[in-house]
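Sequences are here, hints too, so could you generate the full structure?
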Amino acid sequence: MYEWTDEQKKTLFDEPKLKPDSEYPDWLWTEDFLTDINSINIESIEPGTDLYWKKFEALEKQYNDLYFAWHEEYRENQLPPLHELEFKSHFPNVEIKPRAKSLKNRIIKSAPYASQ
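Start counting the sequence shown at 62; every next residue gets the next number (my numbering).
Hints should not be assumed to be uniformly reliable.
[What the hints assert, rightly or not] No more than 20 Å apart at the CA atoms, straight line, and that leaves these computed lysine to aspartate or glutamate pairs for EDC-like: (1) K78 to E68; (2) K115 to D97; (3) K116 to D126; (4) K115 to E104.
[Said to hold, decoys possible] Using C-beta positions, here's what the derived DEER-type ranges look like: (5) E107 to A161: 56 to 62 Å; (6) K170 to I101: 51 to 57 Å; (7) E118 to T91: 17 to 23 Å; (8) R160 to E118: 39 to 45 Å; (9) R160 to Y128: 36 to 42 Å.
I should point out that these hints are in silico values taken from the structure, not numbers from a laboratory.
All of these numbers come straight from a predicted model, not from anything done at the bench.
Beta carbons are placed, not taken as given, at the ideal position from N, Cα and C, and that holds for glycine.
Here you go:
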């Protein structure tokens, strides 16, 4: 087993020596660096500030992790998103033609949201 020399013990295991504040970088003393975002209530932060948006993003991530987490036990979560699926016809020799313009216009008139 490795043994430490007295000199190594003295340099490695001594308490760190603190320097004056002027020898440390300025960002170390800023409020954003010293603030624990998790302990702050978002209602107590002024809206529009950087701290507010950092807290907002942290809450949004926490919400998404809780409600939209991908759990392995659900089979649906292993499927690709719907926009990536390709549907196959049961009739491979039949070509699917695009809708006629007149039919498309009637659909849009009856359901305006269908054009979006």
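Exercise. Is the straight-line distance between the alpha-carbon of K115 and that of D97 20 Å or less?
Worked result: With a Cα-Cα distance of about 11 Å, the restraint between K115 and D97 holds, given a limit of 20 Å.
Exercise. Does 56 to 62 Å hold as the CB distance between E107 and A161, or does it fail?
Worked result: Because 57 Å falls inside the window, the suggested range holds.
Exercise. Within a Cα-Cα threshold of 20 Å, do K116 and D126 meet the stated pairing?
Worked result: Judged against 20 Å, a Cα distance of about 15 Å means the pair holds.
For this session: Verify the proposed pairing of K115 with E104, using a straight-line Cα cut of 20 Å.
Result: holds (13 Å)
Problem set entry | Distance restraint evaluation - K170, I101, Cβ atoms, bounds 51 to 57 Å | The hint (51 to 57 Å, Cβ to Cβ) holds, given that K170 and I101 are roughly 52 Å apart.
Problem set entry | C-beta pair E118, T91: status relative to the range 17 to 23 Å that was hinted | holds (19 Å)
Exercise. Can the suggested window of 39 to 45 Å be confirmed for the beta-carbon pair R160 and E118?
Worked result: holds (43 Å)
For this session: Would you mind confirming whether the straight-line C-alpha gap from K78 to E68 stays at or under 20 Å?
Result: At roughly 17 Å apart (the allowed maximum being 20 Å), E68 and K78 satisfy the hint.
Exercise. Per the hint of 36 to 42 Å, is the separation of the Cβ atoms of R160 and Y128 within bounds?
Worked result: Because 37 Å falls inside the window, the suggested range holds.
In summary, this structure violates none of the numbered hints.
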